[in-house]
Amino acid sequence: MNWTRYIKDYQSYLKIERGLSKNTIENYAFDIERLCLFLSQNEIEISPVKITEETIQQFIYSVSKEVNPRSQSRIISGLKSFFNYLIFEDYRNDNPLELIESPKTGRKLPDTLSVADIDALIDAINLSSNEGERNRAILETLYGCGLRVSELVALKISDLFFEEGFIKITGKGNKERFVPIGTLTQKYISIYANSVRVHLGIKKGFEDTLFLNRRGSQLTRAMIFTIIKDLASKIKLNKNISPHTLRHSFATHLLENGADLRSIQLMLGHESITTTEIYVHLDRTFLTQVIHAFHPRK
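Residue 209 in UniProt numbering is what sits at position 209 of the sequence shown, and the numbering runs on without skipping anything.
Where hints are given, some of them may not hold.
[Claimed, not checked] Each pair of labels, with its calculated beta carbon distance range: (1) Ser21 - Ile273: 24 to 34 Å; (2) Glu66 - His199: 53 to 63 Å; (3) Asn213 - Leu261: 16 to 26 Å; (4) Ala124 - Glu54: 56 to 66 Å; (5) Pro69 - Glu163: 49 to 59 Å; (6) Asp230 - Ser114: 17 to 27 Å.
Everything labelled a hint here was simulated from the structure, so no lab data went into it.
By construction, the Cβ of each residue, glycine as well, lies at the ideal position given by its N, Cα and C atoms.
With these hints in hand, go ahead and build the complete structure from the sequences.
Here it is in structure tokens:
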């Protein structure tokens, strides 16, 4: 009944053959270990090769009392992957979760800010400090270009092509894309770079990194979160926001002003347009206006 050996082999498979990150692998293993704990607590002695759909159903029913539908769905998905691996390795010839459906979780719509909210955040920045000029440039870049926070902290001076009106972004999977950058965002980046950054003692290895901390090193993602949370608190913004909120707002405002989804997809660097389509659900009033404005049988 040695689950440990199967789990370790599965983790090696995820790391070597699937190339997954350490955190992702640990999450997959955690779901299987949760099943093992259930079996132990209920004195069910059965190996992963012999476990049945009925036993899995009992486990899922037990889990459903403890976690929300989204977490339950993730557990089911993780276990399906594990048993598919066992089939792949010829340990068993069926997946006991094949007929088990994930609960409907609905689609969580991202938080967005109004243009007035974003203006208020930026206006709350203390520009009398060097960090203020940097933070204004950071918020303008996140919102003006729709970047992920990881893309922002990795942005280099050599990625800026202001004359052409673009910046080069290295996104997920090291895929590069060129994103348009407006003159206002260019202006605030230039002010920061020419009046603040040039006076920092830049550490070796960060000479080309655009946004730096006071010690001349690359900013962390956590620092960007802190900057935005502090500004939201300062203006008493009653919304749970993060750097990603500015990215969502970028896409939403483009859509509201008539941009097409394909263009937004390219700018955001989404692999699939179905990911971008989540923004369609944010403003049904806008979609109604589109129908009335452009459909021949309005």
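Against the structure, the hints:
1. Ser21 - Ile273: 24 to 34 Å: holds, 25 Å
2. Glu66 - His199: 53 to 63 Å: holds, 54 Å
3. Asn213 - Leu261: 16 to 26 Å: violated, 37 Å
4. Ala124 - Glu54: 56 to 66 Å: Because 58 Å falls inside the window, the suggested range holds.
5. Pro69 - Glu163: 49 to 59 Å: The hint (49 to 59 Å, Cβ to Cβ) holds, given that proline 69 and glutamate 163 are roughly 50 Å apart.
6. Asp230 - Ser114: 17 to 27 Å: holds, 20 Å
In summary, the structure is inconsistent with hint 3 from the numbered list given earlier, while agreeing with all the others.
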